[in-house]
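Enquirer: Okay, here's what each chain looks like letter by letter:
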Amino acid sequence: MKGDYKQVIKLNNIHKKFGDLHVLKGIDEEINKGEVLAIIGPSGSGKSTLLRCINFLEPPCDGDVHFEGKLITKDSKILNSYRQQIGMVFQQFNLFPNKTVLENITMAPILLKKYSTEEANEIGLALLERIGLSDKKNEFPSKLSGGQKQRVAIARALAMRPKAMLFDEPTSALDPEMVGEVLELMKSLANEDVTMIVVTHEMGFAREVADRVLFMDEGAVVESGSPKEIFTCASHPRTIDFLSKIL
Amino acid sequence: MDFGFLVDYYKFFISGTSNTLMLSFITVILGLIGGIVLSIMKLSKFKILQNISGAYIAFIRGTPLLVQLYIVYYGLKDIPMFVAGVIAMSINSSAYIAEIIRAGIMAVDKGQFEATKSLGMTGAMAYKEVILPQAFKNILPALGNEFIVLIKESAIVSVIGLHDLMYNVDTIRGITYKPFEPLLVAALIYFILTAVLSKGFGVIERRLQASD
Numbered sequence: 001m002k003g004d005y006k007q008v009i010k011l012n013n014i015h016k017k018f019g020d021l022h023v024l025k026g027i028d029e030e031i032n033k034g035e036v037l038a039i040i041g042p043s044g045s046g047k048s049t050l051l052r053c054i055n056f057l058e059p060p061c062d063g064d065v066h067f068e069g070k071l072i073t074k075d076s077k078i079l080n081s082y083r084q085q086i087g088m089v090f091q092q093f094n095l096f097p098n099k100t101v102l103e104n105i106t107m108a109p110i111l112l113k114k115y116s117t118e119e120a121n122e123i124g125l126a127l128l129e130r131i132g133l134s135d136k137k138n139e140f141p142s143k144l145s146g147g148q149k150q151r152v153a154i155a156r157a158l159a160m161r162p163k164a165m166l167f168d169e170p171t172s173a174l175d176p177e178m179v180g181e182v183l184e185l186m187k188s189l190a191n192e193d194v195t196m197i198v199v200t201h202e203m204g205f206a207r208e209v210a211d212r213v214l215f216m217d218e219g220a221v222v223e224s225g226s227p228k229e230i231f232t233c234a235s236h237p238r239t240i241d242f243l244s245k246i247l
Numbered sequence: 001m002d003f004g005f006l007v008d009y010y011k012f013f014i015s016g017t018s019n020t021l022m023l024s025f026i027t028v029i030l031g032l033i034g035g036i037v038l039s040i041m042k043l044s045k046f047k048i049l050q051n052i053s054g055a056y057i058a059f060i061r062g063t064p065l066l067v068q069l070y071i072v073y074y075g076l077k078d079i080p081m082f083v084a085g086v087i088a089m090s091i092n093s094s095a096y097i098a099e100i101i102r103a104g105i106m107a108v109d110k111g112q113f114e115a116t117k118s119l120g121m122t123g124a125m126a127y128k129e130v131i132l133p134q135a136f137k138n139i140l141p142a143l144g145n146e147f148i149v150l151i152k153e154s155a156i157v158s159v160i161g162l163h164d165l166m167y168n169v170d171t172i173r174g175i176t177y178k179p180f181e182p183l184l185v186a187a188l189i190y191f192i193l194t195a196v197l198s199k200g201f202g203v204i205e206r207r208l209q210a211s212d
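If you read the sequences in order, they're chains A and B. Every letter in the first sequence is one number past the one before it in our numbering, and letter 199, counting from 1, is 199. Every letter in the second sequence is one number past the one before it in our numbering, and letter 46, counting from 1, is 46.
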């Protein structure tokens with residue numbers, strides 16, 4: 001079906017250490033265009049660190065990140081232009097409290113893509129319409145619920161028209177009744193073939209939406225495969241053990 | 001108590017107050033600029049800048065303003081008293097303001113830096129649009145306090161003969177042989193200045209609370 005994947009991000013032997021702690025022990029992965037990759041695993045397995053290594057919020061200690069075939073380095077020009085094409089959504093939303101909802105979304109396009117305020121507002125209002133928060137455009141983030149904040153955070157990342165989106169446990173900080181609205185939005189993005197890498201504890205989402213599921217433990221990829229392969233016939237004992245605990 | 005001297009000498013109070021205000025105002029501006037520069041140096045990744053700024057702040061905060069004032073006044077020969085007062089006060093307050101600003105920047109949530117980075121913004125954009133506006137809001141009470149301290153401490157420049165409020169009050173005390181009453185007037189004027197300033201800061205704080 002999606003056989004003609006074009007590679008977007010390629011990770012080559014990624015290592016990350018915090019002091020003596022070896023958090024990532026050589027990760028090799030490829031993420032293709034339009035693919036939805038779900039990363040699951042126990043806490044401390046390194047899945048969030050891996051995600052943060054992809055956009056260099058945590059620069060890898062060793063190994064390469066390639067974006068559309070180009071090597072990404074710490075050089076600020078290369079890095080900033082790369083980050084502009086990779087959106088990120090955080091567990092704690094990290095909306096800018098000193099900006100209104102609309103400004104949160106339009107700031108990056110205005111500053112980085114040199115859009116006029118009118119052009120950026122047009123994009124911003126369209127995104128707000130899409131996430132169903134047009135009436136909140138002039139509110140400050142503090143006036144929003146958790147689910148609304150996360151939807152705005154997703155819109156903020158989308159406003160840069162990124163080629164891939166990284167989600168770092170986007171629903172973990174939400175009250176249970178607000179998880180659905182965020183997952184719903186993410187699902188609709190997946191259906192539009194947005195390339196997504198999602199670190200998540202939502203097994204239902206991983207099973208239903210992901211094209212591929214990656215199970216990590218102790219800084220390494222233990223197993224990866226289609227949701228069906230992982231959730232119904234995992235082969236590795238650690239995967240089986242983890243899934244038996246949470247499903 | 002007799003305040004009859006006010007009729008003859010009220011002009012001394014006015015000119016003294018205006019000198020005190022001018023001195024404080026210029027010092028606030030220069031102190032703020034110096035404080036921003038010092039705090040950015042201290043937060044930079046370059047060890048040398050960190051150390052220079054750290055040593056400066058430690059030395060200034062560890063020595064009396066009176067000594068600093070004398071060092072500036074007698075060290076830089078042939079400079080006008082007013083300039084000496086401004087320089088000494090600015091050197092002094094910039095060290096305190098630097099620490100206030102640094103604390104304010106460090107109090108901004110780490111996630112805010114990460115969000116700007118993840119969007120591909122440069123450090124300068126992040127500071128201007130996101131970090132400093134939030135830091136400014138954090139530090140406003142402390143900054144207001146520092147400015148109030150500055151107005152009060154400025155009385156010290158009277159020792160080098162700068163005709164600020166305190167100096168003029170001393171003059172009146174000498175001329176009129178009334179050592180006490182002029183001091184009450186001085187206290188009242190200082191109090192009015194600081195009270196107005198602190199009210200003003202209260203208003204700004206409440207305005208900035210709009211986004212909470």
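Treat the hints as calculated values from the structure; they're not laboratory data. You may find that some hints are simply not true.
Which residues of chain B face chain A? A few of them, derived with a C-beta cut under 10 Å, are [stated by the list, open to error]:
1) V130
2) K137
3) G174
List of simulated lysine-lysine pairs, DSBU-like, C-alpha gap at most 35 Å [stated by the list, open to error]:
4) A/K113 - B/K199
5) A/K228 - A/K113
6) B/K117 - A/K99
7) B/K117 - B/K137
8) A/K113 - B/K77
9) B/K178 - A/K74
Please read all numbers here as calculations on a predicted model, not as lab measurements. Heads up, the beta-carbon is just placed ideally off N, CA and C, and yes, glycines get one too.
Enquirer: Indicate, hint by hint, whether the structure satisfies it.
Expert: A quick look at each hint next to the structure:
1. A hinted interface residue such as B/V130 counts as satisfied when its beta carbon comes closer than 10 Å to some beta carbon of chain A; here the least separation is about 5 Å, so the hint holds.
2. Because the closest C-beta pair between B/K137 and chain A is about 7 Å apart, less than 10 Å, the hint holds.
3. Checking B/G174 against chain A: minimum C-beta separation of about 53 Å lies over 10 Å; hint violated.
4. Between A/K113 and B/K199, the direct Cα distance comes to roughly 42 Å. Violation of the 35 Å bound is thereby established for this hinted pair.
5. The hinted pair formed by A/K228 and A/K113 fails the criterion: a straight-line CA distance of about 41 Å is larger than 35 Å.
6. Of the supplied pair hints, the one linking B/K117 and A/K99 holds, its CA atoms being roughly 17 Å apart against a limit of 35 Å.
7. A C-alpha spacing of about 22 Å is found between B/K117 and B/K137, which places the hinted pair at or below 35 Å, so the restraint holds.
8. Between A/K113 and B/K77 the CA atoms are separated by roughly 54 Å; this puts the pair beyond 35 Å, and the hint is violated.
9. For a cut-off of 35 Å, the pair hint linking B/K178 to A/K74 is broken: about 72 Å separates their Cα positions.
Going through the hint list in order, the structure does not satisfy hints 3, 4, 5, 8 and 9.
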